[in-house]
Structures are given as structure tokens and as C-alpha cells.
Amino acid sequence: MAEEIRLAQPKEYYRAFLEKEVRPDDRELGEFRPTVLNIGCVSTAEGSSLVKLGNTTVMCGIKAEVAEPRYGRPTEGYIVPNVELSPLSSPNFRPGPPPEQAQVLSQNMVDFLDTSQCIKLDSLCISSGKLVWVLYIDLVCLDYDGNVMDACTLALMAALKNTSLPVVTVDEDTGDVKTHLSTHSSLSVDSCPVSTTFIVFDNTVLLVDPTREEELLATGAVTVVTEGDNLCSVYKPGGSPLTDEQVEMCVERAFVRGKEATALITDTLCSIDR
Amino acid sequence: MADVNLSEAEKTFILHSVQDNFRDDGRSCEDFRHMEIETGLISNTNGSARVRLASTDVLVGVKVQLSPVDPENPEVGRMEFFLDCSANATPEFEGRGGEELASEITALLTRAYGCPSTMDYPSLCVLPGQQCWLLYVDILLLECGGNLFDAMSLAVKAALFNTKVPNVTMTKDEGGIELDVSDDPYDFKRLDVTGAPLVVTVNKIGHFHVVDASEKEEACSLARIMLGVTQTGTITAMKKEGSGSLDADSISDMMESAKKVGVLLNKSLLKALGEEEEQGTEAVGFLR
Amino acid sequence: MSVDIRLASSRGKGADLYHGEDPGNIVTPGDVITADTGFMRGHGTYMEEDCLHASVAGTVERVNKLVSVRPPKTRYNGEIGDVVIGRVIELALRRWRVETHSRMDSVLMLSSVNLPGGELRRRSEEDEKMMRSYLKEGDLISAEVQNVMSDGCLSLHTRSLKYGKLGQGTLVQVSPSLVLRRKTHFHNLPVGASIILGNNGFIWLSPTQDEQDGDTGGYQTNLQPVSHSDREVIARLRNCVLALADRQMLLFDTSILHAYEASMKHTVKELLKPEVIADVVDLVRQRMELEGS
Amino acid sequence: MPTDTRRIQGPETSNSPYDFCPTATSDPALLEKQRLDGRDSAQMRPLFLRAGVISQARGSAYIEMNQTKAICAVYGPREVQRREDFSLKGQLTCQFRFATFASQHRRQHQQGNQEKDLSVQMLEALEPAVCLHKYPKSQINVYVTVLQHDGSVLSAGILCASLALASAGVEMYDLVIASSAAMYNDLTISDPTVQEEQAVLSRVGKGSSGMLTVAFMPSINQVSAITSDGGIQFDTLNKTVRTVIDNCQKLYPVLQQTLVKHIEEKKKGISSK
Amino acid sequence: MASFIVLTEEQQRLQREAPPEAVLRCLTSELGCLTRQDGSASLSQGDTTVTAVAYGPAEVRMARERIDRATVEVVYKPKVGLPRPVDRKKENIIRNTLESAIMGSAHPRSAISVIIQETEDLGSNLACCINAACLALLDAAVGLNFMVAAVASAVMEDGKIVTDPEKKVEEKAVAVMTFVFESVDHKLVSVLTYGKFTQEQYKVCRDLCRQTAQSVFAFYRESLEKKLLKTV
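Those protein sequence lines, which keep their order, are chains A, B, C, D and E. If you count by this note's numbering, then the first sequence holds residues 5 to 278, one letter each, in order. If you count by this note's numbering, then the second sequence holds residues 323 to 610, one letter each, in order. If you count by this note's numbering, then the third sequence holds residues 35 to 327, one letter each, in order. If you count by this note's numbering, then the fourth sequence holds residues 6 to 278, one letter each, in order. If you count by this note's numbering, then the fifth sequence holds residues 11 to 242, one letter each, in order.
Don't read these hints as lab results, they were simulated from the structure. Among the hints, a few may not be true.
Each computed SDA-like pair below joins lysine to any residue, with the alpha-carbon atoms no more than 20 Å apart [said to hold, decoys possible]:
1. Lys170/C with Lys142/D
2. Lys124/A with Ser190/A
3. Lys593/B with Thr516/B
4. Lys213/E with Met253/A
5. Lys333/B with Gln243/C
6. Lys263/A with Thr247/A
Looking at chain A on its own, in the form it has when it is part of the complex (with noise of 0.2 Å):
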């Protein structure tokens, strides 16, 4: 019967669930599904790292190339993010160009790493003026079942900081470019961003870490950014209007979550090198 009326009436049916507090699921309102993290799977990627958050899915993979850096901006690499809401990962998804949501994904991963300042580009430099790296960095979604935005960041995060590049030199007087495969450098990852998302449900409720059937009945959604103690951003795209202790709420869970999942990364990567 409980599946009929969430069929039917889904609306009403988290109603009464929130009303006690709890959601369909058994979490708490604040509550994030349980976070798994596996990094380095794929071994022909530069770094890489797969994350489940709850069902959903996102895989992301490095690939590092080299070109010439930009006019202007000689000691400068490139950073080139991309989201790809794959068909595999639900049935709302098609073959064909990035629709409009995974192009919103896409500049908010740019926008992530612009602003926490978390790869400096200088440090992509391999010789000023001739050759830079370029991260292009891609991130599948292979299971959407809500909060893409979140499992992203952590995938990205994770995968940067498992990246390691080949040492490539470039001749001084010859401009040859030559790749040392022996010799692997990681990158230099300078913090942790972490970001949290929230909906709204009924104009008034917070949840946080939403499915895709909570998505579907957010009248608003909210993405928090923290690195350390401070915020890289706060985004809200419309939605209902929130006061600003809702906010601020939303702001210290954020920090709490930031904390676990920096502890996660770290704790993940640990286990690989012993």
C-alpha cells in the first residue's frame, strides 16, 4: 500500500514522513546516504576515482596532455572539467550534446576550482612560455539517483589528489619535448573543498544529500562550498525564498559535513599507500 500512495501521491506521503523527522529512506533530515570511496581505479587515467553516494554514481578520470600555454599567461596550465550525464545513468538522459543541467555541472566544477584555489594553475607550468599541462577532467555520472552536484566534487577532489604525471622536460636549445615514464610526480593539491546540497521540500523543509525523488519534489535547492574554515560559495538558483537563519543552517551543516568528507578522502587515500 506505502508504494501505491508514494506512486501516486509522493508529496503527500513525504508529508507524513517529515512530519515525524524522518525520511523514507530511515535518514535523518541532515543526514547524507552513506559515502563510498574508491580511488585509482582506473589505471589508464593520470588519476581517477569512483564515488557512491547512496545509488548515485560518478566516476571521474584525469587525462593529462600537454600544450602551449596561453598568449599572455606564460607559467599558466589549463584545468578542463566536464560533467557527462551519461544515458546509462537514468531513463531522462539520451544519447546525443550535454543538455542544459550537465552544462550547468560543468561551470559549477570550473567555478569550484576557480575559486578554492585548490590546483594553482602556475604549478602546471613545465617550461614558462612553451609548455603547459592540461587536466582534462572528466566526470561520468553512471547512476543518478539525486545530488550529482556533491558526488562530483568529491569524485574530483579525490581524483586530484591521486593524480600523478609522467616527468616531461623540454630541451633548452632544441625545443624537444621528451617524456620520462619512470619518473612520476603527484600533484600538488593546495586544500579540500568540500560542497553540500540541500533542498527545499514545501517551501519550509531542509533536507540534505537529496535522492532523485526528493529532487523532483524540491521547490529550491541550496549548494554550500566550505574548504577549511572558510566558504567558497554559496549558491541558491531561485527556488523559495529562504530566510537567513535557514541559510546560515545550511551554512553550519556544511562545515560538519566538509570536515567528514576531507577526513574520508585523507582516510581513503592512506589505505591505498599501505
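We have chain A already, so just place chains B, C, D and E on it with the hints.
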């Protein structure tokens, strides 16, 4: 392929005719329809050929161009196929209708010619690691009357036979090497096509199989295999097509047929091309 | 196993020259056919400034006062009473849509066919649901043109035992203008096969049936294998018809039989070759001239 | 090529760092002595399969053959999107993709010719197995993404898709099992890695060498797809077809067991609810 | 044409040096600048200029039809070239913002579309776009739950906060935040930030922008009054 919708009885008639080894036009299962061939009929290409197999009509032009080598194969020349399924051939190709078929045929030809023994690819490399000849093989389908893959591969091979690659002289100066393509129309080299493959399509109809199927026969066949066969009987590509499946044992028989017919087809084609070369007759062109 | 690759240049240049009967008066669009106002305007012509002009390229034909131009290759222009062969392409409400190489798809109404179990039966709703079991997409039928509608769409009927669904056999398609209008278009040829020469250029070759097959209404087709000898006759006839059509010879029972006889010195598959075609057609032409038909 | 305005763009041109180091030219002759991963020539890699990995899909599967990793999702039967695709028989579509990071050299986002070709071959392999006449007017979509390419991707894709279709409850005559082999002169090596594939298909190779993939339906003893590359002696090819079909037979129970396990788990899941 | 709060350059300079203050650059607008559209507005904030047009409620494409409310479509056209992901994100924020402002349930099964053409971006572009879009909707007399006003602010390296920053200021700032408030309870509708900042800075910016938003609402009012007077 133009979709022919046949009635149950017509299909049965064709099915039994194949079983009887006496097809509806009197051919036996391994007979090809007669075909006509002409090369060198388009003057602004480096090589061209037209093949007419019953009512299937194919025109191929080969253009050669100097271009950078493929970084993964820096010491060999390159070949690219492009097929235009023009709406002239059948109204079904209008718009994007022919694209799927075109990409299927080009994929098979690319694979059939991908094997190093099919052509002397190293000789097409002008400056190893830098410049090589890129052969653009453009195929135009003028009319379809069944068995497109085979007809196209025949036309491609004939056009390659006819292709004249200009000679290149290299001069070294301090800036590097300069390439000079000869513009003398008689200063060229020919391509060696003895190893080039032909595609043979074997259609499974009922429990038997036929080569060079007509459109009606194609409509009766649920599965077919295509083989790239060279004159020596080497297989350079194989693929199965169609929505049906094949008995494991019959595959071997079908392959055997394809190989046998393929070898003969290669020989007959080279013989005809040789004759044409000797006779040096004037062009017939498009009017018949 | 045989492969025959020949050069385009080896085909004799002269072989293609037309040396048959006089083609008659050939006109091209815009040509004045006559300035005489006493004629009537037929197909392929138009009136302007009291002159009759041709609107298509072809030969001028005159029947009494009616002047028309007949193009050598055209889509089928249906006329009431014509025998046609068509292929069912779609089922619609109480009708089948039939491809007859006409300008538009032809229509066969459910009420214009004989149904199993007697001619005089009301079409019930049950019949509507059973339509696909009578005739389905891809099926071939022979029929008569019942009516030409104002938009040029042909309405067919099969309300005679000689019409209906076709069984095993081979369909050959030629230009409709090559099929000569005769009293009958159904022939049981003495060589052991039946032929239906559709006015629309569809020609059906099949083994001769031993009379009607019971009371299935002709919707059950016999799927038993055809004997090799019948098959050979049909294949030979098919190639003969195509050979004649290739050389723009008019098709009717006599010309086809002549061609069949002339072809006997070749094997069936040799009839696909251009030089054999030329040879056979020449023989037929000579014989026809001799007989003065 | 026009720039893709729907994705974040990098510099106009960039090169792989692996273009600037001597590549170990893989000589097929080396294969005669020893395979790179130490396997016997007839030995296949261990097969790791799991069904039901994507929560949103009707059916899904994941496959791992050592370093070759692929994932597949099946959606449908569902309404056809374009009206002109309407047909009384059901329609099967396949999309085969490589993740951009699946190979040593980065791949483009747009579907390349190789991917299109593989999509068609996968469709050829699966279509004969699916009872499409049971799904009139509808469409079944199969999407395969190769996450890491280490050889035999077509067989991996077909195996994975076949399992995903079965786990989606799509009616099928049989499971489709696929396997590949590389050939060099008289040597046949089963389930080659990407390096072995490159070795037999490289343009420097002399003699008879190539690749073969066969898709096979063991219960009804039918081959649903067969495809070869490279220049191969007729007899070698003929013989290898047999070998590969035998290999398919060996893989059949693995797929069956995975499927049985998946269904058991699903049943448990329902009863526990 | 309506033009208000004209500040001399001298005044602007003084304001920038003073402690954070809720100020806007000179606002100019023209309602109904285009005649064939249901509603249109051209808005300048300082030198940043945007033109917005609104259509609707009108016929909606079948695929996008929603049975319980209006479909809000927003197209953002950058000054040059085709829209890129960065523009898509802007478009997405604008659409979601307008969607909450528009009384969608009043127009089920119809489309309300807003097209925004960037003409000159010299700082606070997003804010200007949202304000222009709101004006265009007002001009088209589309039913709204509330009006929205967007204000940007920048946190400078020395901790100073500037509202409605120019491009040059934005480039130097450590963080730029754009807030969108509604006109009834002044709750937060949208926020987009760029750069690192503290919680405290966020609060200061938010309160300052909220204060500034009041002048935007006042400006809307005056613009409308001007237009109405003209038509009467």
C-alpha cells in the same frame, strides 16, 4: 538497402529456388550477375572507376593529397573512404536516410583495407614521420539493385588500380626539407593492387546461401556474412550483418564459398583491368 | 560458380542503335502538334492560342478526334477496367492501400473484395478485424480498376474469381507504356506457366494452377515447392520479358512466346547478358515483321 | 571542427605526453614466446560480472576482465521517441562508448567512428537473441560505456549487455556470449589484451595476423555475430572460429550463475521488505 | 525614459571611500522600449546594460507543457558568440529566480518566455539581467508573487565591501556575491558567490545588499509610474 517488402508466397518461391540451386533469374547459388567496368572516366581525379552490376551502379574517384602522417603510424600512407548514398539511388536515401548504410559500408572497407598486406602503404609515405600521401576514396552510389558492398569494393579496387600518384622530389635546404610535387601528367607511379581485397557478401536464405543476391533475395535473407577476400584467399575483414543468427556449422561453409568466389572475382577483375589497359580504348563515359 | 566482368568499352557502339519500326511523330514539350481546332485535347497536351501543344516528350497518338502524347516512360495512368497488379503497403480503416506504380497509392475497399464463404455477404465488424488475415502488408494482388477518383487515386476491386491474392511466382516490373492493351491480360501460356500482364507494368509469372483450390476464397496460398521444370520456365520467361523491355518492345502474349522460343538455344542465365538479349530480341523482331503483326 | 559550445573547452590543440617517448613497438613475434601477462595462449582472463549495478536502469551489469572494465544499462521497452521509428516489431538500439579516460590516449566526447562501428556490431550480436516481436511499437535501449580498455572490448560489451538485458527481464531466446582471439601465423591467443591486439593489427606486422570476435548463443547453437580484422589465412581463421566458439561455451556458466545470483538477491530484497 | 540617482563622479569616489554603504550606480531604464513584444525593458546600471523582453502567457510547445503551472523559458544571449556553459549557468539561475517570482499556477499550460540580451557587461551583470527581466515582466503585466531585486557586492582585499561593483572592482575583489531578494518579506531568493570569504563577510554583504535592494524596488516603482503617466 532499399527495403523490399515481399509477400510470404514470394519469399517461399525464392527460398525454394535457392534450395533448388536455380534462382529466379536462372543463376546458381554461386553465380555473379555480369558486370561492366570502366576506369579513368573522371579526368579531375587521380583515379576513377565505374562498376555496373546488374542495376547496381557505383562510381568511385580517388584523390591523392600530401598530408601529415598519422602519429600512431608515422611510416605509412593513409587511406580514407567516403561514401555518398545519393537520393538519386533511391528516394529512401533522401535527407539523412543513407547515412547509416554509408557509415556501415565505409567501416567495412576501412577494415578490409586496414590490413598492411592489402596495399603497399610504406611506399605511400613521402617523408617518414612527417608527410605521406592520403588517398581520399570517394564512392558515389548511383543506383542500387542489391549487393552494394561487393559492387563498391570492386569499384574501389578498380579505381585504385587506375590511380596515378604524382612523383615527389625532395630538396634539402637549411630550413628543412622541401617537397615538390611533379605537375607533369606523365611523371607518376601506379599503385600495386594485387593484394587489395574485394568484399564478398554471402546471404543465408533458408538453409542455403547465395552470393551476389538481388534486392528480392536480400529481403529474404535474415543474416549474411561479408568477407574481405584477397587474390590469395587471405581474409582481411569479416562481419556478420542482419537481424538473424547463423548456425555454427554453416558459417564455415559460407566462408568457404566467399573465399572461392572472392579469389575468382579478384582474378577476373584484374584480367579485365589488364585488358583495358592494353587496349587503351577511348572512354565510354556515362552514356550507354 | 561464374563471374563475368567485362569492359564498358567492349560493348559494341552500334548495338544500341534503334532499328525497329518507325517511332512515329515524336514531340517535345511546347511543340505545336496541330493548329487545327477540330481536335480534342488528350493526355500530355495543352491548348494555347488555338493551338494544341505537347506537354510531355513522346509520340503523338490519335484516336478519332482525340489527340494525346504518349511518353516512353511514365507512371501508370489508370483507366477504368484496366487489369493491374499491386502490392499491399498499408492497412487502413476498411481498406487496403495498394502500390500500383500510379501517381498515388491505390485503394482496395473491404467491400470490393470477395470474402471467404460466398460472394453475397455483409461486411461485418468481424471482417474488419480479420483484414490482416486476408491480405497483409507485402502481399501481391491482381485486381481491376473500378473507378478513378477525382484526385487520380485508383479504386480497385477483386470481385471476380480471376482476381485476388497471388501465390508463388515472380514479379517483373516494366514501364506501363510497354504493356499492350489486349482483350485479356491473363494467359496460360502453352510452355507451362501463367502470366498476368498488368496494365500498370507489373507482370506476374507463376506456375499454372490446376483450377480453383477449394473454398478458401483464394486467401490460402500453396507453399509447396514448385517443380524444377516449372521454375525453369518461369525464370526463362522472366528473362525474356526483361530482355524485350530492355529493347523497348511491346509486351503481349505473342511477343513473349516468340522470345521464349527464340531463347531456347541459350541457357536461362545467359539471357542476362546484353549480347544474348540483342540476339533474342532481333529474332523476335524479324519474326514479328514476317508475320506482319 | 566547430568548437563545442556545450562543453568546457581547453586549448585548441594539446598532445598526449606519451607521444614524446619511445613506444615499445609491439612485435607480434614476441607473442610466440610468452604472453605479456604470463597467460597460456589459450587461457582467458578471469571474468568478474555483476548484475543490477545501476538503480535507475531497468537492467544493468558490470564486467571486469582484469583491466578491461565496462558497464551497461538497459532502458525500456519504452515508447519510441521519433514517430518515423514506429514499427510493428520492437526496436533495439545500442550505444557503445569509451570513457574519455579509458585508453592511454584521451578520447573525444563526440562519438567517434570506432565507437559507431562497435555500436553496430553490438546490435548485430544482440538483436538475434532478443524476442523483439514481443515488444511491438516500443524501443529497448542498450548503453555500454567502457571505463577502461585493455583489449577484447567488443566481447566485454556484448557479455555485459547480454547480462543487462537478461536482468531487465527482456525476453530472449538465449544469452549471448562473446569471446575474442588474436591470431599470428599458426598461433591463436584467446582473450587478448590491448597490447596484444595492437601487436597483431599493427601495420608493421608481416604474415597472417588479425583479430576475431564471435558472439554465440550456446543453447540454440547459433552464431549471432562474427567479425574479424587484419589479414588472416583462410584456414587459420576457420580454425579459430571453432576455438572461439569453444571459449564461449566455457563462459556460458559464468553468466548463468551471475544471473541466478542476481535474481536470488532480488527475491531476498523483496521478501525482506 | 526614467533616470534617477544621478551621482557625479566625485560623489561616487567619496562613496567608495566611506564605510560600506548601500549604494547603486546610476540606474536608467526604458520600459516598453520595443513595441512588438508583450513586455520589454532596457536597463543600465552604471555602464552595464541589458535588454530583456518578455512574452506570455502564450502557447507552449507540447513537450514542455505542464498541466499545473506555466512553463517559464529563459534565453540568455551573450554579447558575442554562442552561449557557453558559463552562460547556461547564468540562464539557469535567472530562470529559477523568475520561476519563483512568477505566479505560475495562474497560467497552467502556457509559456512565459523571457529573452535577455547582454549589451554591455561592466560589472554586476547577473544582477542587472535579473532586474531587467523583472522589469520586462512588470511591463508585460505577468502575474507575480513578488518582485525580485538583485544586488551584487564585492569584498576587497582589505576587507572593504562595495555594493554594485564595476568590472574593474570585481576583477580586484577577493569575493563577489550576488543576492536576489523578494519584495514582500525580503527573504533570499537566489545567491551566487565567487571567491573565498568568511561567514561574517557573507552576513555583512547579505545585509548590505538587502538594504540596497530597497532602492531597486523603489526604482521599479518610479519606472512604472513614469510609464503609466506617459500612456495616460
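Next on the checklist: With the threshold set at 20 Å, check whether the alpha-carbon distance from Lys263/A to Thr247/A stays at or below it.
Outcome noted: Outside the cut-off at roughly 25 Å; violated.
Next on the checklist: Checking one constraint from the list: CA of Lys170/C to CA of Lys142/D, max 20 Å. Satisfied?
Outcome noted: Cα-Cα ~18 Å, so holds.
Checklist entry - Quick one, are Lys124/A and Ser190/A close enough, alpha carbons at most 20 Å? => result holds (14 Å)
Item to check | Holds or violated: Lys213/E to Met253/A, with C-alpha atoms at most 20 Å apart | outcome: Distance of about 13 Å is within 20 Å: holds.
Checklist entry - Does the structure keep Lys593/B and Thr516/B at a Cα separation of 20 Å or less? => result Since the Cα atoms of Lys593/B and Thr516/B sit roughly 11 Å apart, the hinted pair holds (cutoff 20 Å).
Item to check | 20 Å limit on alpha-carbon distance, applied to hinted pair Lys333/B and Gln243/C | outcome: Given that 20 Å is the threshold and the Cα spacing comes to 18 Å, the pair holds.
Figure legend: structure checked against the earlier numbered hints; the only hint not met is number 6.
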